[in-house]
Structure formats: structure tokens, C-alpha cells
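Novice: Okay, here's what each chain looks like letter by letter:
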Amino acid sequence: MTSWWDLIEGGQSTPEWPYPIRYGQESRISTDVLVLGGGIAGCHAAISAARRGASVVIVEKGHIRRSGQGGAGVDHWQAACANPCSTVSPEEYTRAIVDGFAGYDCGPMRYAQCRESWDAALDCERMGVQIRDVHGEFEGAEFRDPETQLLFCYDYESRHSLRVYGDTMKPCLHKETVRLGIKTYNRVMATSLLTEDGKAGVRVVGATGVNVRTGELYVFRAKATVLAMAHPRREWVFSTELNGGAATFADLNIVGDGHAMAWNAGAELAGMERSYDTAGGFAYIQYGVGYPDNTWFGCTMVDARGKPVPWFDGSGRELAAVRDRFLPRDGQKFMLIGGGLTGSSVTPQTQGNHIDDSLAERIRSGEVVLPLYADLPSLPAHERRAIFGLMVGNEGKTRVPVYETYTRAGFDPDQDMLQAPIMPPDAYRSPHYPAGVSVPQWREIFGGGLMVDWDLRSSLEGLYGAGRSVYGAGDHSGAATSGRYAGRRAADYARDASGPAVDEDQLETERARVYAPLQKRPESMGWKELNAGICRIMQDYCGQFRSEETLLRGLRLLAEVREAELTRGYAANPHELGRVLECHTILTVAEIVMHASLARRASSEHLDFRRLDYPAVDPPEWRKLSPIRRDHGEVKTRDVPLDYHLQPPYASTYEENYVAHGGSSPDTGGA
Amino acid sequence: MDRRVYMVPNPPMPNIPLQFDAAVCNGCNVCVKICRTDVLMPNPERLTPPIVLYPDECWYCGCCVEDCPRPGAIMLVHPLNQSVVVSWKRKKTGESFRLGMKDPPPPNTRPPAR
Ligand SMILES: Cc1cc2nc3c(=O)[nH]c(=O)nc-3n(C[C@H](O)[C@H](O)[C@H](O)COP(=O)(O)OP(=O)(O)OC[C@H]3O[C@@H](n4cnc5c(N)ncnc54)[C@H](O)[C@@H]3O)c2cc1C
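Which chain is which? The protein sequence lines are A and B, in order. For the first sequence, the working numbering begins at 1 and goes up steadily by one. For the second sequence, the working numbering begins at 1 and goes up steadily by one.
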């Protein structure tokens with residue numbers, strides 16, 4: 001009996017839940033620093049806080065060993081500006097990214113990344129992650145530095161980003177947390193933040209959680225709390241019917257619980273109106289089809305007749321040789337490539353080399369014949385092995401799902417060309433073919449999150465943010481570095497902070513909410529149907545085009561669903577309980593997105609944001625952040641300049657602020 | 001045909017993301033312990049493979065396969081909706097292959113870079 005069919009066809013009765021049921025039971029835990037989410041940012045936050053002498057507790061919905069978006073590996077480690085071979089300074093890299101995002105990026109988090117990404121990589125190396133070609137497999141390759149044995153990706157001249165053997169990243173981080181005596185509560189879903197006197201908008205004093213195997217309630221009392229539960233997902237489109245949990249790029253657990261919890265506690269969130277379109281469950285196997293970007297950057301693509309698709313540099317000049325793809329053009333200081341940094345989110349100065357922009361037209365005209373293939377055999381041996389063997393092999397979700405699965409089926413990169421998906425011509429405008437063909441009203445939040453200061457502290461005392469919880473774009477090294485930074489600041493705060501007290505009324509309200517889905521009624525509804533219903537509201541009322549009219553109606557509809565269908569959400573066991581509570585999160589995040597969309601009364605190309613009633617695109621007076629928060633049931637917004645982090649009360653340079661806020665901390669020493 | 005038939009709901013989609021080889025798996029439940037989305041439940045029968053209770057929540061990350069102390073006990077099987085279009089062409093011969101084909105070519109045994 002292992003499969004679902006065996007289970008119910010085998011003539012046996014349904015097995016009982018395998019874990020003890022502890023609904024209503026409660027554990028209380030106290031700590032200096034509480035880290036919510038044991039992914040990349042959370043692990044680094046916990047480790048750096050513990051090294052600062054704080055007692056630390058991690059709360060993780062899955063199991064810390066493999067949870068989160070970095071749990072299945074990492075192959076490109078970006079912004080390692082301080083590595084001995086890099087020719088790019090942290091200031092240059094920060095500016096390039098912030099400018100690429102037209103100012104809509106989190107300056108403090110980005111600068112901390114550029115400063116500490118290399119340190120963080122060394123730290124991971126001390127924990128057991130391989131970050132160099134220690135066995136000399138790539139000896140002689142242009143992307144390998146013989147002295148340090150480092151391997152670089154994307155831009156072989158400026159050497160700011162590394163290729164790493166990050167398949168074991170999470171197991172190594174996990175081991176370090178154990179070594180440091182950090183206590184992790186696995187399978188505990190954080191559900192709410194606790195605040196002083198139970199009020200919103202004041203100091204955060206801990207959190208509640210529920211065990212998704214036993215149903216037990218946890219009450220965590222903490223002097224400082226770090227939010228590290230990544231970004232909201234499953235808002236506009238979600239169905240497991242086609243590809244199961246691969247319906248979303250992040251796994252199912254990642255829904256933005258942290259965003260909903262912060263909002264309910266009165267914290268300020270920024271950038272929540274920004275989104276982009278997605279293919280939802282219609283995407284292809286991640287990194288598992290031939291394409292010329294990110295993990296597969298630099299791969300030669302040929303058409304059905306074997307004709308190579310040309311590569312171009314950022315100025316539109318065709319590149320002759322394979323090696324040119326990895327080198328900046330004449331006079332260009334460095335390129336930004338990979339990890340979503342190809343295309344419109346980079347400035348012309350750092351625009352990377354890429355497959356022809358006019359590919360769509362040339363497919364239409366018949367000049368390029370589909371399908372395309374990734375012509376691995378034609379690449380120099382080191383490049384081929386770096387793509388299929390190093391990158392595919394260590395990139396998240398590639399070691400088993402792609403490398404092992406494909407080679408077992410006979411795929412041999414030395415001889416075989418992997419087919420690219422056959423899509424409508426315009427879908428090839430983005431070089432990330434595995435993402436599939438997106439639909440405009442199916443969207444994902446991009447970069448919205450906690451508004452933070454130079455301590456990565458939120459607008460609430462005692463609440464810090466790291467990784468994708470925070471406003472701004474991010475990647476693996478960005479999560480690691482912001483985790484380190486926020487962990488330090490949280491530990492420093494906790495050292496002098498008074499002991500927190502839990503408000504019993506607040507706890508009682510949360511207890512009632514958490515356990516409500518256990519009640520079965522004739523009109524009960526499962527979590528998937530609830531999720532899909534909220535998605536439909538988002539598609540229709542807050543999709544590619546929005547207006548005050550649709551958003552206000554959408555908010556009304558969400559409020560109705562909260563009162564009606566959401567209260568009928570039913571959970572047959574603790575696992576389903578977690579999933580129903582995620583629907584509470586999804587609904588709350590939907591409200592946040594609608595409020596944020598109402599607050600921005602202008603359209604924006606940069607934010608992929610269209611208001612039918614305010615069609616002017618990026619008018620100068622709207623080049624700003626409009627963070628929102630909830631205050632006594634009302635939504636408050638304010639105007640914040642995009643470079644708020646370089647304006648008073650802060651200093652005018654990144655460096656000064658970074659140093660003044662505990663940057664450059666020598667806490668990297670592992671052993 | 002002498003066979004008992006039951007009233008059962010349709011199988012969840014995708015059907016079987018993980019196939020266990022009962023001859024190799026000893027029911028140690030390491031995979032149950034680490035699966036991020038709790039797809040797997042310990043089998044009430046000791047020393048036997050876990051139950052794939054929530055195939056529809058599998059993220060296809062392969063961590064269970066990787067962390068399994070008994071190589072070959074678990075095989076990851078992509079949903080047909082994705083795997084059916086994974087194909088490749090042998091450059092020299094022009095032959096086409098696809099993931100899941102009936103008579104696949106011999107495996108390529110080269111391990112990933114280390
Ligand atoms: C397949 C894949 C491959 C990638 N490869 C790369 C790469 O090569 N290079 C790169 O730079 N970036 C890569 N990324 C992106 C990178 O992994 C993420 O940017 C990074 O993991 C974000 O870190 P985080 O800590 O914010 O989120 P995560 O690492 O996702 O961690 C969030 C954690 O919070 C937990 N959680 C969520 N809700 C709750 C709750 N209510 N209670 C308790 N815990 C909760 C989750 O289970 C998870 O463990 C990849 C992403 C994916 C999905």
C-alpha cells in the first residue's frame with residue numbers, strides 16, 4: 001500500500017492519522033530572537049543572531065533540512081562583488097540593479113547583499129558547501145580562476161557572480177543551526193504576530209503557530225522577531241490538477257503568511273501593487289527544457305533545420321563566437337544576467353548578451369523553424385559541462401528532477417540536443433522558456449513586502465525582515481545576506497530590550513480563528529476550492545487592468561467571502577488545517593494588493609501596473625513608494641521617495657549608512 | 001473477471017509523483033521526515049514504503065530521492081503534462097527520444113560535476 005489507489009482499493013479501511021492529535025493543547029516558548037521561516041534568509045538570520053549570543057528559535061512550516069526555495073539547491077550565487085576576482089564594486093552593482101528597477105528596489109537590502117554576498121559564500125563554505133572547483137574538473141576553463149579555483153557565471157570578465165555546488169546548501173545550513181544550539185520547530189506554521197497589549201501598530205512580542213501534523217498550538221514569546229517566510233503566492237492562479245505542487249515556482253507552503261501577519265499587526269508594506277504575468281500550472285519542467293538564459297545561459301540554440309539562432313550584445317551587435325556571449329562589449333564595465341536580470345529590468349549600460357530580440361518575427365516569417373533545440377554538443381566541453389552537470393545538477397530542483405531523471409532516460413549532453421518548448425512566437429521574447437506561455441490576468445506579486453529601514457527593521461518595534469519578506473527584488477545571496485544582517489540587528493536590539501508579555505485576549509482570538517476550520521458543517525468547503533475562488537476575484541477585479549471601480553468592488557467581494565465561504569473552510573486533519581489557514585492568508589494578501597493598487601493613482605510600466613482610470617504611465621509625480629498599513633481598521637498610506645534610504649535622517653551614501661548600522665560585521669567565523 | 005469494485009473518487013492529479021521500490025525501501029521514513037509539503041505519510045505497516053497521500057502537493061524537488069539512504073528506493077516521475085514534451089535529438093543520427101518512451105536508450109551513467 002503506497003499509492004492512493006492501493007489505499008482505497010485494497011479493501012482496507014482508511015488508516016488513521018499517523019501523528020498524535022493535539023488540537024487545543026498549547027506549548028509556550030520564550031526566546032531572545034524568533035525567526036519565522038527556516039528558509040535561506042531565516043537560517044542565516046538565526047545563525048548570525050546566535051553567533052551574537054542571542055537565544056534563537058526557528059519556526060518552519062516544512063522541515064528545515066530541505067524547506068524553502070533554496071532547499072533543493074542553488075547554482076548561481078550573485079553579487080559576490082567582494083570576491084578577489086571581481087572588478088565590480090558593491091556601489092556599482094547596487095546602483096546598476098536599483099537603476100535597472102527604475103528605483104523600485106530596496107536599497108539597504110541590495111547594498112548589504114553586494115557588500116556581504118562573498119562573505120556569506122565563504123561562510124557557507126565553512127559550513128560544508130562546495131563553492132570552488134576543488135577537484136579541478138574545469139581546469140583551463142575561461143570562467144575558472146586557477147588561484148582561487150572559483151568558477152564564475154554569466155560575465156567572465158567582471159566576475160561578480162559565482163557558480164556554486166549548492167545542492168547541499170540547506171542540509172549544511174541546517175547542521176550549523178544544530179551546532180549553534182538553535183531550536184527549530186519543524187512542521188509549525190506561524191499564524192499571527194503577537195503585539196504589546198494586543199494592539200496593532202506597536203511592538204511585536206512574539207508569534208503563534210500551529211503544528212500541521214498534530215494540531216498543537218504554539219505561543220512564542222520573543223524580544224525580537226525576524227520575518228522570513230518569503231513572498232505571497234497562489235493569489236491569482238492556482239490549480240494542482242495539471243502539475244501538482246509544481247503549479248507554482250515556489251512550493252505550496254509559500255503563500256505570504258508573513259505578509260498577512262505583518263499587515264494584521266499594523267506593519268507597513270510597500271510595492272504590493274506590483275505584479276507580473278505567469279503561466280501558472282502550465283509552465284514546463286523548471287530548467288528542464290532547452291533555453292538560453294539563467295541556468296542555461298550561453299547555450300547555443302538551433303532551429304529545426306540546425307541553423308543557429310544568433311546572439312547579440314546589449315547594443316544590438318551580433319556576436320560571432322561562443323565565448324563572446326560571456327564577455328561585456330567594448331567599453332561596457334559589466335553585464336547583469338540570470339536570476340531574472342535579463343531584459344527590461346536592466347539598464348542599457350549593464351544589458352547582457354542575449355538571443356536575438358527579433359526571434360519572434362523571424363519565427364513568424366519562417367526564417368527560423370520551430371522547434372528550437374539547445375545544441376549542447378556544439379559547445380566547448382567546459383561550457384557544456386558547466387551547463388549540464390554543474391548548473392543543472394545544483395540549481396534548485398535539478399539534481400534529481402532533471403540531471404538524474406534525464407540521464408537515466410539516456411540523455412547525453414555530449415551527443416544530444418534538448419528540445420525547447422513549442423510556443424507562440426511572442427513567447428520567445430523572454431529567454432526563460434521553462435516559464436511557459438503566460439496569461440495576462442494570471443499574475444504573481446513581484447517584490448512587494450515589508451517596508452524597512454537601515455536596520456532591516458519594519459515600521460514596528462521588534463519586527464525585522466529578511467529575504468523575500470522584504471520589499472524589493474531578491475535572490476539566494478540576497479536572502480542569505482539580508483538574513484545575516486537582520487539577524488545581527490535583531491540580536492542587538494534583543495540584548496537591551498525588555499521582556500515581552502503576551503496579551504491573553506489576543507491569544508484567545510487567534511486560538512478561535514486557528515481552530516474554527518475543524519468544525520464540519522453541511523456547507524463545508526475544502527481549501528482548494530476556497531483558494532480558487534479568491535484567485536478568480538483577483539483575476540477579474542485586480543488583474544492586468546484595474547480601476548477604482550473594480551478594486552472597490554473586489555474589496556467588497558473579498559469581505560463577503562471572508563464572512564461567508566471562508567468561515568466554512570473545513571479541515572479533516574492538521575495538514576488540511578494548515579492549507580485552510582493559508583486561504584485566510586491568501587484572502588488577506590488579496591485585500592492588501594487591492595488597497596495598494598488603490599493607493600497608486602497612476603499606471604506604471606516599471607511596475608507592470610495598469611489603472612484604466614489613471615492611464616498616464618509613470619508620471620514624474622508618481623515616481624515614489626506609497627507604502628500602506630492598517631490603523632484602527634483604516635488603511636493609511638504615505639508618500640516615500642524611492643531613495644528614502646539615502647535621505648535624512650540617513651546619510652547620503654550607501655557605505656556610510658551600512659557602516660553606521662552594524663555593517664561589515666566580522667561574524668562570519670564558523671568553526 | 002472476479003474482482004471487487006469500489007465506489008471511490010477519481011484519483012488525485014498528478015497520480016504518482018513518487019514510485020517506491022518495495023524491494024529496496026526499508027520504511028525508514030527519512031523521506032517522510034524531510035518532505036517539505038508532507039506528501040508522504042508513514043505506513044502503518046512497519047518496514048514498508050510510505051504512503052503517497054498527497055501526490056497533488058508534490059513540488060517535484062527530488063529531495064526525498066536525494067536524501068534517501070537506499071539508492072533506487074524512490075523514483076521521481078514528472079507529471080505527464082510536463083514530461084510528455086521533454087524530448088531530445090541525437091545530433092549525429094537524427095534519432096529522437098523522449099522522457100518516458102517505450103524503449104529508451106541505455107542510461108548515461110556520468111554523474112553531475114563534483
Ligand atoms: C527552483 C528554484 C531555484 C532557484 N535557484 C536560485 C539560484 O540558483 N540562485 C539564486 O540566486 N536564487 C535562486 N532561487 C531563488 C532563491 O531560492 C530565493 O530567492 C530564496 O530562497 C529566498 O529566500 P527566503 O528565505 O526569502 O525564502 P525561502 O528560502 O523560500 O524560505 C521561506 C521559508 O519560510 C517557510 N514558511 C512559509 N510560511 C511559513 C509559515 N507560516 N510558518 C513557518 N514557516 C513558513 C517556508 O517553508 C520556507 O522554508 C531559486 C528559486 C527556486 C524556486
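Just so you know, the hints here were simulated from the structure itself, not pulled from any lab data. Here the structure is a predicted model, which means the values were calculated and not measured. Beta carbons are placed, not taken as given, at the ideal position from N, Cα and C, and that holds for glycine. Where hints are given, some of them may not hold.
To be verified - Derived contacts from chain A toward chain B, CB cut-off under 10 Å, selection only: (1) G68; (2) T248; (3) G396.
Claimed, not checked - Quick look at which bits of chain B chain A covers, simulated, 3 or more residues with Cβ under 8 Å: (4) 8 to 22; (5) 60 to 68.
Novice: If a hint holds in the structure, say so; if it doesn't, say that too.
Specialist: Here is what the structure says about each hint:
1. G68: 8 Å, holds
2. T248: 8 Å, holds
3. G396: This interface hint holds because 7 Å falls under the 10 Å limit.
4. 8 to 22: holds (count 10)
5. 60 to 68: holds (count 7)
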